[in-house]
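Q: With chain A held as given, fit chain B onto it using these hints.
Number of protein chains: 2
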Amino acid sequence: MKQNIYDNPTFFKEYTSLRESGLTYNDFLEQPAMKTAIGDINGMLILDLGCGMGDLSKYCADNGAVSVIAVDISEKMIERAKEENSDKKVEYLCQPIEDIELPAESFDLVISSLAIHYIADYFALIAKISKLLKEGGRLIFTTEHPITTAQKEMKGWVKGDKGEILHWPVDNYQEEGQRKEHWYVDGVIKYHRTVSTLINVLTEHGLTVEKVEEPLPTKEGLKKLPKLINEYRKPPFILIQSKKS
Amino acid sequence: MKQNIYDNPTFFKEYTSLRESGLTYNDFLEQPAMKTAIGDINGMLILDLGCGMGDLSKYCADNGAVSVIAVDISEKMIERAKEENSDKKVEYLCQPIEDIELPAESFDLVISSLAIHYIADYFALIAKISKLLKEGGRLIFTTEHPITTAQKEMKGWVKGDKGEILHWPVDNYQEEGQRKEHWYVDGVIKYHRTVSTLINVLTEHGLTVEKVEEPLPTKEGLKKLPKLINEYRKPPFILIQSKKS
Chain A
0 MKQNIYDNPT FFKEYTSLRE SGLTYNDFLE QPAMKTAIGD INGMLILDLG CGMGDLSKYC
60 ADNGAVSVIA VDISEKMIER AKEENSDKKV EYLCQPIEDI ELPAESFDLV ISSLAIHYIA
120 DYFALIAKIS KLLKEGGRLI FTTEHPITTA QKEMKGWVKG DKGEILHWPV DNYQEEGQRK
180 EHWYVDGVIK YHRTVSTLIN VLTEHGLTVE KVEEPLPTKE GLKKLPKLIN EYRKPPFILI
240 QSKKS
Chain B
0 MKQNIYDNPT FFKEYTSLRE SGLTYNDFLE QPAMKTAIGD INGMLILDLG CGMGDLSKYC
60 ADNGAVSVIA VDISEKMIER AKEENSDKKV EYLCQPIEDI ELPAESFDLV ISSLAIHYIA
120 DYFALIAKIS KLLKEGGRLI FTTEHPITTA QKEMKGWVKG DKGEILHWPV DNYQEEGQRK
180 EHWYVDGVIK YHRTVSTLIN VLTEHGLTVE KVEEPLPTKE GLKKLPKLIN EYRKPPFILI
240 QSKKS
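Line by line, the protein sequences are chains A and B. First residue of the first sequence: 0, per numbering that gives the first Met the number 0; consecutive thereafter. First residue of the second sequence: 0, per numbering that gives the first Met the number 0; consecutive thereafter.
If you are wondering where the hints come from, they were derived from the structure by calculation, not from laboratory data. None of these values were measured; they are calculated from a predicted model.
Identical chains share a label here; the pair holds if one copy fits it or two copies do between them.
Straight-line C-alpha distance at most 25 Å; calculated BS3-like pairs for lysine-lysine: (1) Lys12 - Lys1; (2) Lys210 - Lys127; (3) Lys12 - Lys81; (4) Lys158 - Lys226; (5) Lys133 - Lys242; (6) Lys130 - Lys1; (7) Lys75 - Lys87; (8) Lys130 - Lys210; (9) Lys210 - Lys133; (10) Lys133 - Lys87; (11) Lys34 - Lys87; (12) Lys210 - Lys242; (13) Lys34 - Lys127; (14) Lys158 - Lys179.
Same shape as in the complex, but just chain A (with noise of 0.2 Å):
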């Protein structure tokens, strides 16, 4: 059974609520460093998988993407998708994204922004992914730090007695699998996996590990956001770019 947490009305209430904040770690941190790591991507055929409200299919649909097929699991966020980020060039599908059916060597570029912690098979998803990539292709994601998610009771930072941040804790690391957290309700699933694995199984299926970044947040975001200056201490998020090859 695959988790479908964003359809959850508590969760996709608070969720969208603060989305629409425009004051998150996806807007100051997250997404920038995606735009980034994405480049020019004219003329591109381009797989978004775990869209979402589907921001980032329309940014690439906005700067030159021929098209953009973007996949998410919850019916309520591809709703939402289709009400704020319509396009054309974008086709919304409501399937979880390890059940993909599309033709080999389709894709220019994969892009997927923190949704691959939600999967429990990386290796089958990546091995799927290798395949939907024409030659020189790329698979671009986010997906939280195994820093962050090693720890199996997933408590946060390590706070002092004025409740200042000590440290972040980890522990665990090495026994990969499910982690379950509360965020915004119990019992959200989260995967946990090593550095190791994350880029192994890349290189095992053909894709070339280019680049590794650990964002930070945007001037602007520890500006809006002061305790973004927390992601100086431990990185939340790794970004990974590789390429069939």
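A: Frame of chain A, contents of chain B only:
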């Protein structure tokens, strides 16, 4: 001024006595991982950077390497290497590994065991290594894991009231640079680098990342040195294998 902690008499005495115990991380975790990664070295010209007492250089000579140039900054280490691991195929050189001057494209394999975290200028070192490698040659190295080196005040595991390990503290992750640690003597200097820096500097110098490992203890190690079980909780080293292409 390059650090030469291994020539400090107190440090050298403690370190050699640890190594002689045969009960170290090197024996049960780092060296097994390096030897597996090195694989078949028959007929190869090898450069060993930070060779210490020469065990790995001698291993290469014993396993088919045609010649090994083994470099270390410490006179005491090189002296010991010549006593214990002398071999007509191995040439020991006492100098800082950053300062080596050897003909370009001379080596099939460059290895470096737990030395690179002592080097201030990783970029310059990798540039040099990339030039020294033949086309298709490999660089395989281990270095302290960024999770391990991140915190500025290196205090080790956070423990509970009864001395039990609670977790490993991560802080200052994005602030690369010098870290001081007490290891037998005060002020042992290491350099913290992020995962992205460790990888991107390789790809920027024409080295394709083939494999990343976060080595686990061997079964024998877990029996003989039970505290190695903690290495499942937090990785001590990272091993990166790359190829000049």
